[in-house]
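**Q** Below, each chain spelled out in residue letters.
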Amino acid sequence: MSDLPITSNAAVLAALSEILPRDSVLREGDPAEVETSLERLPSAVNAIVRNGYALAGIVTEWEDAGWLYRYAFYCASGPGFVHLIVHGKPGDALASISPYVFSADWHEREIEDLFELPFEGHPLLGDFVLHNEDWPEGVAPMRPGYGRDEPKPPRSGRPWRPQRFVRAPGAFSMSVGPIYSGISETAQFRLESEGEQILHATPRLFYKFRGLEKIAEGQDAEDVLLLAERLNGTSAVAHAVGFAQAAEAIAQVAPPPRAAALRLVFAELERLRSHLCTIEDLVESTGLQVPTAMLSSLVEDLLRLSGRVAGHRYLFGLVRAGGLALDIGGAEAADIIKTSREATARLLRIVEQLAYDNGFLDRVEQVGTLPVPRALHHGVVGPVGRASGLGKDLRVIQPYGAYRDREVRIALADEGDAFARFRVLAAEAAESQHLMEDVLNSLPAGPVLTPWRPGAGTALGWSESPLGAAFHWLRLSQAGTVLRWRIMPPSFTNWPALATVVEGAAFQDFPIILASFGLSIAESDR
Amino acid sequence: MWTTKGLTRGILTTSYPKSRRQAPGARPPRPVATPTSQAGQAAVGVCPTGALELRGNHVAVDLGRCIDCQRCRRGDAKVEWADESQVALRLSPADLPGKAFRHSLHVRVVDAGDGGETLRELKQLTSPYYAVHRLGIFFTPTPRDADVLLVVGPVTQGARRALLDTYEAMPEPKWVMAVGSAAVSGVPFGPSFTTVAGVGEVLPVDVVVPGDPPPPLAILDGLLSLMGRVPAEEMLS
Chain U
1 MSDLPITSNA AVLAALSEIL PRDSVLREGD PAEVETSLER LPSAVNAIVR
51 NGYALAGIVT EWEDAGWLYR YAFYCASGPG FVHLIVHGKP GDALASISPY
101 VFSADWHERE IEDLFELPFE GHPLLGDFVL HNEDWPEGVA PMRPGYGRDE
151 PKPPRSGRPW RPQRFVRAPG AFSMSVGPIY SGISETAQFR LESEGEQILH
201 ATPRLFYKFR GLEKIAEGQD AEDVLLLAER LNGTSAVAHA VGFAQAAEAI
251 AQVAPPPRAA ALRLVFAELE RLRSHLCTIE DLVESTGLQV PTAMLSSLVE
301 DLLRLSGRVA GHRYLFGLVR AGGLALDIGG AEAADIIKTS REATARLLRI
351 VEQLAYDNGF LDRVEQVGTL PVPRALHHGV VGPVGRASGL GKDLRVIQPY
401 GAYRDREVRI ALADEGDAFA RFRVLAAEAA ESQHLMEDVL NSLPAGPVLT
451 PWRPGAGTAL GWSESPLGAA FHWLRLSQAG TVLRWRIMPP SFTNWPALAT
501 VVEGAAFQDF PIILASFGLS IAESDR
Chain V
527 MWTTKGLTRG ILTTSYPKSR RQAPGARPPR PVATPTSQAG QAAVGVCPTG
577 ALELRGNHVA VDLGRCIDCQ RCRRGDAKVE WADESQVALR LSPADLPGKA
627 FRHSLHVRVV DAGDGGETLR ELKQLTSPYY AVHRLGIFFT PTPRDADVLL
677 VVGPVTQGAR RALLDTYEAM PEPKWVMAVG SAAVSGVPFG PSFTTVAGVG
727 EVLPVDVVVP GDPPPPLAIL DGLLSLMGRV PAEEMLS
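Protein sequence lines correspond, in order, to chains U and V. To convert, note that position 173 of the first sequence is 173 in this note's numbering; the numbers rise steadily by one, no gaps. Going from the second sequence to this note's numbering is simple: count from 1 and add 526.
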């Protein structure tokens, strides 16, 4: 991963050298590591962000009787990562950086809740991952002393009293969830209103908090890869690849060319299927039953294709550290090309027809608009970002694996409404099919697995999942067990933006906006 | 105009369960009990969840703990994988719904920590390929209308209260289905500080459908066995 060309890391380091002492650069190159003191953290963050870097996430680790905070940034226009490192003694409070980088907001809330580490100047700490009704104050499950199997403390029974933002005569708040609608993920949305319009929305997630980062600790890296697949079962390959790349960077092995190419094929197959699902959900939310049924049969076509060629409908058990667990033959490659080509052609026909369907357009045009400046402010990733003019796509800006030798055409729109997201998803689905076919037609020969030997070290792995940029920070012991696994998934990045988009929408548009973002709750809750 | 377009692909719907024929890829193979061999013994060692166990002269498979990681399928560590594996396993053969539910069953789905894949498979049940409405199976948004509580996910502490509230809100008689290996035994997430070991720890479970995720036809088998329309097998181990 360190063989990428360095473009703008140098610019960031130059900017930082004006603020920080000379010896604060711990490592040049990619990723560059820069240490800062608690006091200079905000100005250092500002310098990085002003150079066009976006926050990947914040990693908190316990090291040498102190806390190590790692703010990972990636260049939004070309290759390059900069890690800003802060050492905090127990009892120190870091300054909140969310006033400058809004995407740090949820990271800080999560760290405060799970580690009981305070952030100064953050307006909304407290009830977040561990809900007040269920967990007493002072429980910090991510701290090193807390056991994986620690019995849950008895229910606190403290009522949740969310901050009310709308204070007008007749204002009320309506709860959607945690269990709602037909087949949906568990989460609650508190919608505040004066009547017809939603004036403020508070998403309350983490009902599904499975504690993946905690239960991974002490497990073998190869077993944790199984957890990475199940983080979001509909983006299994993307997360497994992100995780495997971190493990491979630590062990300094690279998957063989054939494995890298096949990883691309399966990742794109997954993207095609995932985008199809999102489009289907969006069309379903607008009440058009026939195209919904047509789209869901295409989803089934691709699921069966995966079942035939990989033995698993969601492509579990395919990616391994060092390559792939499975090779495919000529018949399978032909099957992938034929089935995905057919499904994509059918999808594009339906999309074309929907684009001229007034019933559909009335419900998606200028609905759930995420304007470009706000998308930038929230650091939104994935197709949602690309529908709001942000061309960040890790396949292009931080290329990995077989994407290094491929050109990926990014679909872009700048209206930022549900219809723009719909068009971007369709265009990306077509591009995925194109990429798959292209790679399968020139598949390198050879093995698909390089023996992976565990070793001690740390690395950041990343991949562009169907929902956007996914980052996996990994620290392994000499024996190959996981000491720290930090998951920074795209849904976690995008949820806060969704909450602001809902503001001003009519109640009946809420399901449409929700579907058009296509976010996963499991992935965000972890 | 959509109606005519919808007709262009012809009939996709399976005649399952009338015909047990399955399209390739609809229900990929699962591990089955295998006579003990060196490869089989090695497979017991590579299984991450303890689903494989040496028992006498064969390697037994506890499908409720199997997460479909496929490690015992490829390479040197191997057990047999077969197409027709048991799917719907009944825990309490008594007090299953009687004749009244044979042609109409209303199901409330509750997500208690699923990764999203099992929910997607449930959604596929309503796609034209399976169209479970034709069998009188309906997903209902309200627990007041539901006969069956279908739970996916290992039951996280956060979802537990919502799950129990939903169960309380359902009228008698009611049945509980645990769908997916996580819901059956909590693997690979629980038990832990934030999840329990499956639905059985918090609710009386009537039918379990193992698999990670179980394909639509397996879930359909589970529902049909509850309705008394396909025979269900006893839970192994």
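To be clear, the hints were calculated from the coordinates, so they are not data collected in a lab. These numbers were taken from a predicted model, which means no experiment stands behind them. We treat Cβ as the ideally placed atom computed from N, Cα and C, and that holds for glycine. Any given hint might turn out to be false.
Claimed, not checked - Here are a few chain U residues that face chain V, going by a calculated C-beta distance under 7 Å: (1) K152; (2) S156; (3) W160; (4) P162; (5) P178; (6) N232; (7) T234; (8) V290; (9) E300; (10) Y314; (11) A325; (12) I328.
**Q** Would you mind marking each hint as holding or not holding in the structure?
**A** Hints, one by one, checked against the model:
Contact between U/K152 and chain V, as hinted, is supported at the beta carbon level, the nearest pair being about 6 Å apart and thus within 7 Å. Interface restraint check: U/S156 against chain V, minimum CB-CB distance 12 Å, threshold 7 Å, status violated. At its closest, the beta carbon of U/W160 sits 12 Å from a beta carbon of chain V; the interface hint therefore is violated under the 7 Å criterion. Taken as an interface hint, U/P162 does not check out: its beta carbon lies about 16 Å from the nearest beta carbon of chain V, beyond 7 Å.
Because the beta carbon of U/P178 sits about 5 Å from the nearest beta carbon in chain V, less than 7 Å, this interface hint is met. Hint status for U/N232: holds, given a least beta-carbon distance of 5 Å to chain V, under 7 Å. This hint holds: U/T234 has a C-beta 5 Å from the nearest C-beta of chain V, less than the 7 Å allowed. Below 7 Å, beta-carbon pairs count as interface contacts, and U/V290 has one with chain V at about 4 Å; its hint therefore holds.
Taking 7 Å as the C-beta contact cut-off toward chain V, the hint placing U/E300 at the interface holds, the least distance being around 5 Å. Taken as an interface hint, U/Y314 checks out: its beta carbon lies about 5 Å from the nearest beta carbon of chain V, inside 7 Å. At a threshold of 7 Å, the smallest CB-CB gap from U/A325 to chain V is about 6 Å, leaving the interface hint in force. At a threshold of 7 Å, the smallest CB-CB gap from U/I328 to chain V is about 13 Å, leaving the interface hint violated.
In terms of the numbered hints stated before, the structure departs from hints 2, 3, 4 and 12, listed from lowest to highest.
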